[in-house]
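*Asks:* What follows is the residue order along each chain.
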Amino acid sequence: MECAVEGIIETPHVEALEILLQGLCGVPKERFKIHELCLKSATNLGSVSSDVRLLCDIEQPIPTWTVRHVGGAMRGAGAEQISVAVRTMVESKASKNVLRFFYALGYKLDHELLRTGFVFNFFKGAQIKVTVTSLHKMPKVHATEEAIPVTPGIQLVELTAPASADNYSEVVAAVSSFCEYLAPLLHLSKPGVSAGVVPTAAAAAASLMSDRGNKTL
Amino acid sequence: MTIKWLLHWQPNAGTTVNTQIHTEITQCVESINGVKGGRWKATFSYYRPIQRDQTMALPFECSRDLMGISLQEQPNKLYFVIRSQRIVLEADSMIQMIMDKLQSYRARGSVTFEGYQYQFGDFQLRVGKVIPNSQDNLRGIVLEVEYLPISSLDKSRQIMEEFLDVWQETVSKRSLPGHFMHIDPNFVEYGLSDHYTSQHTAIQYVVVMGQLLVAAKN
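Top line first, the protein sequences correspond to chains A and B. Quick note on numbering: the first sequence equals residues 1 to 217 in the working numbering. Quick note on numbering: the second sequence equals residues 218 to 435 in the working numbering.
Keep in mind that the hints were calculated from the coordinates and are not lab data. A virtual CB, placed ideally from N, CA and C, is assigned to each residue, including glycine. It is possible that some hints are incorrect.
Pairwise CB distance ranges (calculated) [unchecked claim]:
| id | chain 1 | residue 1 | chain 2 | residue 2 | range |
| --- | --- | --- | --- | --- | --- |
| 1 | B | R323 | A | K124 | 37 to 43 Å |
| 2 | A | L24 | B | S327 | 44 to 50 Å |
| 3 | B | T236 | A | V141 | 51 to 57 Å |
One side only, chain B facing chain A, incomplete, derived with CB under 7 Å [unchecked claim]:
| id | residue |
| --- | --- |
| 4 | Q271 |
| 5 | M273 |
| 6 | E307 |
| 7 | A308 |
| 8 | I312 |
| 9 | K318 |
| 10 | L319 |
Generate coordinates for the entire structure from the input sequences, incorporating the hints supplied.
*Replies:* The following block contains the structure:
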């Protein structure tokens with residue numbers, strides 16, 4: 001289970017976001033380059049139609065593979081009142097033939113993306129992960145070298161934190177609280193509920209960049 | 218560093234495996250001064266695709282022979298094998314939860330291999346009963362022979378064969394109605410190298426299970 005929110009930011013303000021995150025969490029960022037393959041079950045396979053994501057970390061000297069399943073978000077009156085999605089998320093590392101394995105089970109490639117960017121992993125009331133991603137699509141199957149941006153000039157920001165049935169209220173509070181720090185630069189909301197870019201972003205970014213300039217001097 | 222061969226008991230025509238044979242095999246291990254260690258266990262499950270609409274056929278691509286194995290030597294891993302396509306997948310045990318959530322395949326049965334292990338110099342022997350989880354009856358007997366100093370399949374072949382010659386001679390003195398059989402899978406077909414891994418072990422369990430299922434049908 002995890003708590004998740006996401007938002008978008010214009011690329012010129014990403015550096016300011018990075019400075020803000022660095023200041024807030026005090027840990028270095030980690031770069032990533034992930035080839036994500038989204039598979040869907042073939043017609044009539046399974047009691048429900050299902051999809052699964054395979055993530056290949058191509059930043060590593062030997063690429064590593066992870067299988068990820070993201071379930072539906074928690075529903076109900078209580079869930080409606082909170083601004084954070086609480087959903088099931090299960091991951092498992094797997095050997096490099098995992099794509100062939102899922103093809104053999106009857107799954108088909110639906111779409112694939114190249115995700116590049118950086119991530120901050122830190123503890124602030126919960127173990128929070130902030131991922132800033134530039135999404136790329138591929139003109140040909142698996143052609144990661146030829147990938148082109150899906151939304152030039154816009155990057156995706158995802159904030160997730162692992163939770164359990166016992167502690168998700170505390171994790172939701174920690175995530176909501178952290179979102180407020182980022183509010184001048186971007187608005188984070190439940191995945192799939194886009195709130196667009198923040199009008200104050202340019203001014204906030206300029207202020208952050210200027211602060212850094214002053215400190216450098 | 219290690220290498221394993223998995224053998225299974227092949228009863229003579231017209232006979233079946235029983236607990237008396239298992240007892241005598243255990244006595245054979247003890248007679249060659251094997252030092253008894255702890256218990257060991259492996260679990261095998263076979264899966265079938267779930268058909269959403271019974272009036273429509275399952276997709277051609279989906280696998281009809283998916284098998285899963287958990288091994289004591291890798292308690293946090295799960296191995297899936299699709300024999301028809303020569304695929305062995307190694308994954309964290311969380312993959313089982315993902316498979317459950319996908320609801321595409323359902324475990325239709327499982328079998329436990331369990332028994333005691335014995336140390337014999339550089340060798341470890343594991344004698345195991347094969348028991349279907351839904352029943353109490355003995356379905357088969359297996360013998361895992363592990364040689365600790367070498368992890369190359371090729372380099373260990375001679376010493377493994379020599380050890381098995383001695384072992385088969387010991388067992389034959391008891392005039393039991395059957396013998397141990399070793400099937401050497403073609404690991405290269407599964408994309409595995411000469412360096413032994415737990416994926417090799419998983420394939421051996423699937424091959425042995427296939428033999429036991431054929432024997433049960435006959």
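*Asks:* Holds or violated: the hint that B/Q271 contacts chain A, with Cβ atoms closer than 7 Å.
*Replies:* 9 Å, violated
*Asks:* Answer holds if the nearest beta-carbon of chain A is closer than 7 Å to that of B/M273; otherwise answer violated.
*Replies:* At about 5 Å, which falls below the 7 Å cut-off, the nearest Cβ of chain A leaves the hint on B/M273 intact, so it holds.
*Asks:* Quick check: does the Cβ-Cβ distance between B/T236 and A/V141 fall within 51 to 57 Å?
*Replies:* Check passed, 56 Å falls within 51 to 57 Å.
*Asks:* Quick one: are A/L24 and B/S327 within 44 to 50 Å, going by C-beta?
*Replies:* 49 Å, holds
*Asks:* So, B/A308 near chain A? Judge it on the closest CB pair being under 7 Å.
*Replies:* Nearest chain A Cβ about 4 Å off; hint holds.
*Asks:* Should the interface hint for B/E307 be scored as holding, given a Cβ-Cβ cut-off of 7 Å against chain A?
*Replies:* 4 Å, holds
*Asks:* Checking hints one by one. Is B/K318 an interface residue toward chain A, by the C-beta closer than 7 Å rule?
*Replies:* Since the shortest Cβ distance to chain A is 5 Å, the answer is holds.
*Asks:* Could you check if B/L319 really has its C-beta closer than 7 Å to a C-beta on chain A?
*Replies:* 4 Å, holds
*Asks:* Quick check on B/I312 please, does its C-beta sit within 7 Å of some C-beta on chain A?
*Replies:* 4 Å, holds
*Asks:* Using the C-beta atoms of B/R323 and A/K124, is the stated range 37 to 43 Å upheld?
*Replies:* 41 Å, holds
Hint check: a violation occurs at hint 4 only; the rest are consistent with the structure.
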